[in-house]
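Using the hints provided, position chains L and G relative to the given structure of chain A.
This is what each chain is made of:
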Amino acid sequence: MSTIIIDPTGERSVVERTLTERPVSLEGRVVGLLDISKPRGDIFLNRIEERLTGLGAKVLRFKKPTFTKPAPVDLRHEIAMQCEVVIEALAD
Amino acid sequence: MSVTTTATPPAPTVAPPLPDGLVAVVKRECATCVLVTPVLAQLASAPSVTLSVFTQDDPDFPDGISSMHDDDLALSWHHDIETVPTLLRVEGGREVGRIVGWSRPEWEAFTGVADLGPGLPEWRPGCGSLSVDPNLADDLRVRFTGSTLRGRRVELASLEDEWEAMFDRGWTDGLPVVPPTEARVLRMLEGTTRHPQDVVAIVPPDLVAVTVEKVAVNAVMAGCKPEYLPVVLAAVEAACNDEFNIHGVLATTMPVGPLIIVNGPIRRAIGMNSGINVLGQGNRANSTIGRALQLVIRNVGGGRPNEVDRATHGNPGKVGWCVPEDEEGSPWTPLSVARGFPAGMSTVTLFPAEGPRCVVDQLARDAGQLATSFAAALRTVHHPKLPLGFDAVLVVGPEHARVFADAGWNREQLVAELDARLQLPGSEIIRGAGGMAEGIPERLRDATLPKFRPGGLLVVHAGGGAGLFSTVIGGWANGAIGSQPVTKEITS
Amino acid sequence: MHDIADLESRGIPSAFVATVEFITAAEAQSASLGLATARVFTPHPVQDRTDAEMVEYADSVFDEIVSKVTRTP
Chain A
420 MSTIIIDPTG ERSVVERTLT ERPVSLEGRV VGLLDISKPR GDIFLNRIEE
470 RLTGLGAKVL RFKKPTFTKP APVDLRHEIA MQCEVVIEAL AD
Chain L
12 MSVTTTATPP APTVAPPLPD GLVAVVKREC ATCVLVTPVL AQLASAPSVT
62 LSVFTQDDPD FPDGISSMHD DDLALSWHHD IETVPTLLRV EGGREVGRIV
112 GWSRPEWEAF TGVADLGPGL PEWRPGCGSL SVDPNLADDL RVRFTGSTLR
162 GRRVELASLE DEWEAMFDRG WTDGLPVVPP TEARVLRMLE GTTRHPQDVV
212 AIVPPDLVAV TVEKVAVNAV MAGCKPEYLP VVLAAVEAAC NDEFNIHGVL
262 ATTMPVGPLI IVNGPIRRAI GMNSGINVLG QGNRANSTIG RALQLVIRNV
312 GGGRPNEVDR ATHGNPGKVG WCVPEDEEGS PWTPLSVARG FPAGMSTVTL
362 FPAEGPRCVV DQLARDAGQL ATSFAAALRT VHHPKLPLGF DAVLVVGPEH
412 ARVFADAGWN REQLVAELDA RLQLPGSEII RGAGGMAEGI PERLRDATLP
462 KFRPGGLLVV HAGGGAGLFS TVIGGWANGA IGSQPVTKEI TS
Chain G
21 MHDIADLESR GIPSAFVATV EFITAAEAQS ASLGLATARV FTPHPVQDRT
71 DAEMVEYADS VFDEIVSKVT RTP
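Residue numbers (the numbering used here), protein chains in the order written: chain A, 420 to 511; chain L, 12 to 503; chain G, 21 to 93.
Just so you know, these hints were derived from the structure itself, not from any lab. Glycine included, C-beta positions come from ideal geometry on N, C-alpha and C. Hints should not be assumed to be uniformly reliable.
As the list claims (entries may be wrong) - What follows is a set of in silico ranges between Cβ atoms, one per label pair, in the way DEER data are often shown:
1. 478/L - 500/A: 42 to 52 Å
2. 458/A - 43/G: 12 to 22 Å
3. 80/G - 488/A: 22 to 32 Å
Stated by the list, open to error - The following residues of chain A were derived to be distant from chain L, with all beta-carbon distances above 12 Å:
4. 423
5. 430
6. 431
7. 436
8. 442
9. 446
10. 447
11. 449
12. 457
13. 461
14. 481
15. 483
16. 485
17. 491
18. 496
Looking at chain A on its own, in the form it has when it is part of the complex (with noise of 0.2 Å):
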């Protein structure tokens, strides 16, 4: 049974959980690709930087140890500082 929970706040906003702010442009943003290791997935990546870096962005490749788990916490550290941007790829 999920927690109910009294807002605490003036609310002026909504209550869903918001996403981050967006960069207004890629260029010049480094971008990372996290693939989730199913297989075509690098495929499909490559084609993704291929164009990212048309645009401009600089892109750095990561790579999930397994698809069945969330990624391991050093991996998220790493992405986290070096990347503004994330691309998560190919669930099928």
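Coordinates of chains L and G only, in the frame set by chain A:
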């Protein structure tokens, strides 16, 4: 499908009506209720009596007597049944009398039926009613009074850890907060007699009206006990007005945050610490009351670091700072009395405070010498060459206070003696003097200016019994655009 | 999806790409995590596609991916 749902509050429950005549409330898990079963049978068949029986637990109890099942305990709760068996007399839907437990003479007099329970002992005490069972108390409170809460309900997602959920929504000060469930908020509201929907203050910077209920939600998060709530409410009132100017205190680049100084009987009642480490950690009331105020500013008022809060450095007290004055060991009147409030009244005094600074003087035996040490330290509040613009709090430790007490100095004399030693010659404090650019304009070189405006130095007695130390706490800008200390009564 | 939610909470705009087979599962996971994650869906299947076909998939969703991690000023 939304990812966080706002849950609908439960429908209000109404007190179930009582049937006229005699009403018995019983439960099987009570030896006395079992004992009086034959008495209930006698009453049920007595021609002069209309008897209704309500059972709290087993619907088949009492055996052989028809009864109604108060399965959600609504009847017991709303009619304040604390003991079983309870026997009520009801006329026109209203209770006109009640007795509890078993006593033959009492039951015979109450019911008007003679020879009740032959063979039973003369009397037997009752048992606790299920509607006041401590194990059920929280659930019952939510069930029957939860609807009085008006705050938006937030249902956490199934994989959300309830503590992480508070961080993820930006509702904390960086430390964990207690998730404010309905049960916890209702329990917190028991700490005040004020109505939950009373508006306490309008909170800057967003100028949002905050109710007793919303303060209670944040008090739960801060880790307060219900008995601390009156202090928190008084602090919110004292902070959110033009005089104290919490908006200015929040938005400044200076390091200040609200310091709450507590006077009066409430300090002992809620177990505050005015002795060893009074300005530090370790005491729940000291640590959580100030935090509750800051969470209200943050969550209700919208005042957060990097947004409205632009402090260059801030200070650790901004997590929350609340200290009681040590009145019992003090040679002086309490701060509250000095500020015009009656002795014996519990009060909060709000002061816009930077971090504390220690004043060491382990050699002065003479009050005048000690005052001179204090003055030297006080002169440097924010800058030795800046007079009048800032207030300060001087926390005198007990060993230092004794030096002044031995000289017969009362509070007023101490302040006057400090003031006399803080008359700053213009030539020393004009810009450029002493090789420091800061200071007052050159045209004031022949003036003498006091370090503090009249009433700008507040003296508080607190601290451990050992240690020839006192503490100086600088304030923020005073005057029309700044902040004045504010004192308010704490009411229940 | 946990990785995306974690990175978002660290202040890193993130997007998750999956095939359309994943739509309901992604929505459910997102709801359980309490965060409306940014998601883009490609055609299905993937396992038996040629390299050229995978490149086509990537091109077909590239603009959408970019739109999920940028904002209009």
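Verification of the supplied hints:
Evaluation of the 42 to 52 Å hint for residue 478/L and residue 500/A yields a pass: the beta carbon distance comes to about 46 Å. Remark: the range hint 12 to 22 Å for residue 458/A to residue 43/G is upheld by a beta-carbon distance near 21 Å. Range check, residue 80/G to residue 488/A: Cβ separation about 29 Å, and the 22 to 32 Å hint holds. Under the 12 Å C-beta cut-off, the non-interface status given to residue 423/A relative to chain L is violated; the minimum distance is some 5 Å.
Not every CB of chain L is more than 12 Å from the CB of residue 430/A (nearest about 5 Å), against its label as outside the interface. For residue 431/A, the condition that its CB be more than 12 Å from all CB atoms of chain L is violated, with the nearest at approximately 7 Å. With a cut of 12 Å on Cβ distances, residue 436/A falls inside the contact zone with chain L, its closest approach being about 6 Å. With a least CB separation of 18 Å from chain L, residue 442/A remains clear of the 12 Å interface cut-off, as annotated.
The claim that residue 446/A lies off the interface holds: its Cβ sits roughly 26 Å from the closest Cβ of chain L, which is beyond the 12 Å cut-off. Listed as a non-interface residue, residue 447/A keeps its Cβ farther than 12 Å from every Cβ of chain L; the least gap is roughly 24 Å. The claim that residue 449/A is not at the interface with chain L holds, since no C-beta of that chain comes within 12 Å of its own (minimum 23 Å). Remark: the non-interface label on residue 457/A is consistent with the geometry, its nearest Cβ contact in chain L lying 22 Å away (cut-off 12 Å).
No Cβ of chain L approaches the Cβ of residue 461/A within 12 Å, the least distance being about 29 Å, so the stated non-interface status holds. Remark: the non-interface label on residue 481/A is consistent with the geometry, its nearest Cβ contact in chain L lying 24 Å away (cut-off 12 Å). Annotated as non-interface, residue 483/A keeps its C-beta farther than 12 Å from every C-beta of chain L; the closest such distance is 19 Å. Listed as a non-interface residue, residue 485/A keeps its Cβ farther than 12 Å from every Cβ of chain L; the least gap is roughly 20 Å.
In this structure residue 491/A is separated from chain L by more than 12 Å, as the shortest Cβ-Cβ distance comes to about 19 Å. Taking the minimum C-beta to C-beta distance to chain L, about 18 Å, the non-interface status of residue 496/A holds against the 12 Å cut.
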